Amino acid sequence: MLKTAAALAAVLALAAPGAAQAQQEAPPPPHQEWSFDGVFGTYNEATLQRGFQVYQQVCSACHPVKHLYFRDLEKIGYTADEVKGIASKYTVTDGPNKAGQMFKRPARPSDHIPGPFPNDEAARAANNGGLPPDLSMITLARDGGPDYVYAIVGLGFTKPPAGFVPVPGTYYNKYFAGNHIKMPPPLQPGEVKFDGTPATVPQMAHDVAAFLNWAAEPNLDERHRMGFKVVLFLVVAVIVFYAAKRKIWSRIPH
Amino acid sequence: MAAPPTEAHSAAGTAAAGHGRLTRWIDFRLPFVASLEQHITGYPTPINLSYWWNFGSLAGIMLLIMMATGIFLAMFYTPDTSLAFDSVQRIMRDVNYGWLIRDIHMNGASAFFLIVYIHLFRGLYYGSYKYPRELLWILGVVILILMIATAFMGYVLPWGQMSLWGATVITSLFSAIPLVGHGITTLLWGGYGVGNPTLHRFFSLHYLLPFVIVAVIGLHLIALHQHGSNNPLGIDKRGPQDTIPFHPYYTIKDMFGLMVFLLLFSIVVFYLPNFLANPDNSIPANHLQTPAHIVPEWYLLPFYAILRSITFSFLGIPAKLLGVIAAFGAMVILFFVPWLDTSPVRSARFRPVYKWVYWLLPISLIALGWVGAHEPKGIVVTIGQIATFYFYFHFLILLPVLGKLERPRPLPISIAAAVLGSRAPVGGAAEGH
Numbered sequence: 002m003l004k005t006a007a008a009l010a011a012v013l014a015l016a017a018p019g020a021a022q023a024q025q026e027a028p029p030p031p032h033q034e035w036s037f038d039g040v041f042g043t044y045n046e047a048t049l050q051r052g053f054q055v056y057q058q059v060c061s062a063c064h065p066v067k068h069l070y071f072r073d074l075e076k077i078g079y080t081a082d083e084v085k086g087i088a089s090k091y092t093v094t095d096g097p098n099k100a101g102q103m104f105k106r107p108a109r110p111s112d113h114i115p116g117p118f119p120n121d122e123a124a125r126a127a128n129n130g131g132l133p134p135d136l137s138m139i140t141l142a143r144d145g146g147p148d149y150v151y152a153i154v155g156l157g158f159t160k161p162p163a164g165f166v167p168v169p170g171t172y173y174n175k176y177f178a179g180n181h182i183k184m185p186p187p188l189q190p191g192e193v194k195f196d197g198t199p200a201t202v203p204q205m206a207h208d209v210a211a212f213l214n215w216a217a218e219p220n221l222d223e224r225h226r227m228g229f230k231v232v233l234f235l236v237v238a239v240i241v242f243y244a245a246k247r248k249i250w251s252r253i254p255h
Numbered sequence: 074m075a076a077p078p079t080e081a082h083s084a085a086g087t088a089a090a091g092h093g094r095l096t097r098w099i100d101f102r103l104p105f106v107a108s109l110e111q112h113i114t115g116y117p118t119p120i121n122l123s124y125w126w127n128f129g130s131l132a133g134i135m136l137l138i139m140m141a142t143g144i145f146l147a148m149f150y151t152p153d154t155s156l157a158f159d160s161v162q163r164i165m166r167d168v169n170y171g172w173l174i175r176d177i178h179m180n181g182a183s184a185f186f187l188i189v190y191i192h193l194f195r196g197l198y199y200g201s202y203k204y205p206r207e208l209l210w211i212l213g214v215v216i217l218i219l220m221i222a223t224a225f226m227g228y229v230l231p232w233g234q235m236s237l238w239g240a241t242v243i244t245s246l247f248s249a250i251p252l253v254g255h256g257i258t259t260l261l262w263g264g265y266g267v268g269n270p271t272l273h274r275f276f277s278l279h280y281l282l283p284f285v286i287v288a289v290i291g292l293h294l295i296a297l298h299q300h301g302s303n304n305p306l307g308i309d310k311r312g313p314q315d316t317i318p319f320h321p322y323y324t325i326k327d328m329f330g331l332m333v334f335l336l337l338f339s340i341v342v343f344y345l346p347n348f349l350a351n352p353d354n355s356i357p358a359n360h361l362q363t364p365a366h367i368v369p370e371w372y373l374l375p376f377y378a379i380l381r382s383i384t385f386s387f388l389g390i391p392a393k394l395l396g397v398i399a400a401f402g403a404m405v406i407l408f409f410v411p412w413l414d415t416s417p418v419r420s421a422r423f424r425p426v427y428k429w430v431y432w433l434l435p436i437s438l439i440a441l442g443w444v445g446a447h448e449p450k451g452i453v454v455t456i457g458q459i460a461t462f463y464f465y466f467h468f469l470i471l472l473p474v475l476g477k478l479e480r481p482r483p484l485p486i487s488i489a490a491a492v493l494g495s496r497a498p499v500g501g502a503a504e505g506h
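Top to bottom, those sequences are chains Y and X. The opening position of the first sequence corresponds to residue 2 in our numbering, with each subsequent residue numbered one higher. The opening position of the second sequence corresponds to residue 74 in our numbering, with each subsequent residue numbered one higher.
There are no misleading hints in this set.
To be clear about the criterion: a stretch of chain X counts as covered by chain Y if any three or more of its residues have a C-beta under 8 Å from a C-beta of chain Y, and this derived list gives those stretches:
1. 160 to 172
2. 314 to 323
3. 338 to 344
4. 353 to 367
To be clear, the hints were calculated from the coordinates, so they are not data collected in a lab. Since the model is a prediction, treat every value here as computed from it, not as a measurement. Even for Gly, the Cβ is constructed at its ideal location relative to N, Cα and C.
Sequences are here, hints too, so could you generate the full structure?
Structure representation (structure tokens):
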């Protein structure tokens, strides 16, 4: 019934222009410099590892990264032993064992990184009715990608403009659609201990956005590398085939 | 009818003559070499085909690329609403080169439509649909409609938000049809809403339809080879001096075009794979949350804009039904183009007025594409309505009337004469015949 009603609503929305208005538009997130931009762009392992720290120590309190396995962390420069160590600090449910019982055990590199909540309902119950979205595809799932993530956590929590009507249980965020976000400002200066790099809010926001871009597109480095070879090959092919075409057509008047 | 030729007789008389005994033996039973010679190596093709004629073979190659990548995707994809989204992520992350295969398939759909739209507009400009190529054109329109159905169902498979809600909106359109509409929607859904049965049948049909397209392309090619390609002058071949063999002249020209295409396509696949992707489709389908803007892929935006432009009921027909008729009518009207265009001259080169007004059609469609991508309010609706009006005006009024009123420029006496001028060989060709 709900489905039919929703379908009907969608059809009505498109049949009656102006009837259904979207939420208030937020300004587009300002563009940041990313190491993975451009033809030769690659991920920076130190950045991604710091970003993982930010995710692990801050974001993971509410947000899962459900498409990531612990073993994936080897691709951002952790050794196999380090990954084992990271995984072993998590507990996952396995089973059933021979007695038919589910049991808990430390996570292994082959396990998905467990999320903070057993299900969406638990997540809503713990978050004032809001569902913290999965972050493993967030840079693909929002216009602006990593710029959006950076803008939300690094820039958006400013003083609301005059005339802004606050909604209880929400915070003002300049870059969030509708400007009312249920997430409290997540990053505080010095919240995460980095090796040497000062953990400023812009630094943490940048690193976590880069990490989440990697989480969404872990094959970007390989894609860029292979693309360069393929494009180079095809440039040569275009020249060769053009010359061949010229040569063959020179046999006849045309 | 004469008696069928005997093997001894035919061996000397068919195209396989001059080949070895094995080839003659095979060709007598299955005209393989003879067909190759008739349809490729010796196929007489106008000497003056421009690069606009590359897009037909390019479309065929694109279909093969789509089928090849699709077959591999289907080995890893799971058409179950609880698994579909994650299975696509598994392809992107853990299947060897899965990301590459999927990025090719996803962007290949857009490339395929771009190629086919150029192919179609080339036909419209040079009057390729006119006598005696009406059925060739009609088969092309059939292919386009099959492509639209295939692409639409393919877009549902990743089971993201736009998959679900796009499917919901489009399938719901059928419910506007009086009497049978709700029956059709229920049949499409396999239930009372877009759900697991819908995803399963869309996957099945998405796998089936490309093979149907292959069959219709076969007919399209048979019809093409009956009278041969049209050409930029739009005049018939008068003799061997007007033609060259397809191979090697157009095989190499098509290969060169293919390389240029692959270069551009690779840049998109490797450096901008998500440029055309809607971010909402990276969010798993959710029946309880409607996306703020439901938009189809770019290649369907004009039809979507026409659908939404009908905001009024007319003659007691409700706006929704009228919109559905207008949107589907925009495809159906293409079937009638050979008879709507009354001009005896094919190529727009010799039609001083059509040559200019032709461009209003692509302009109106680009406008409709823009309208389809934006929220239907204010000026957007007005532009959409003007463009929709023009789209129908172009086909229903302009083409028939212009053909009668316009005075075409004189046609050249032959392709060779026009292309080669004084260099034209007199009374015979040097090549191929």
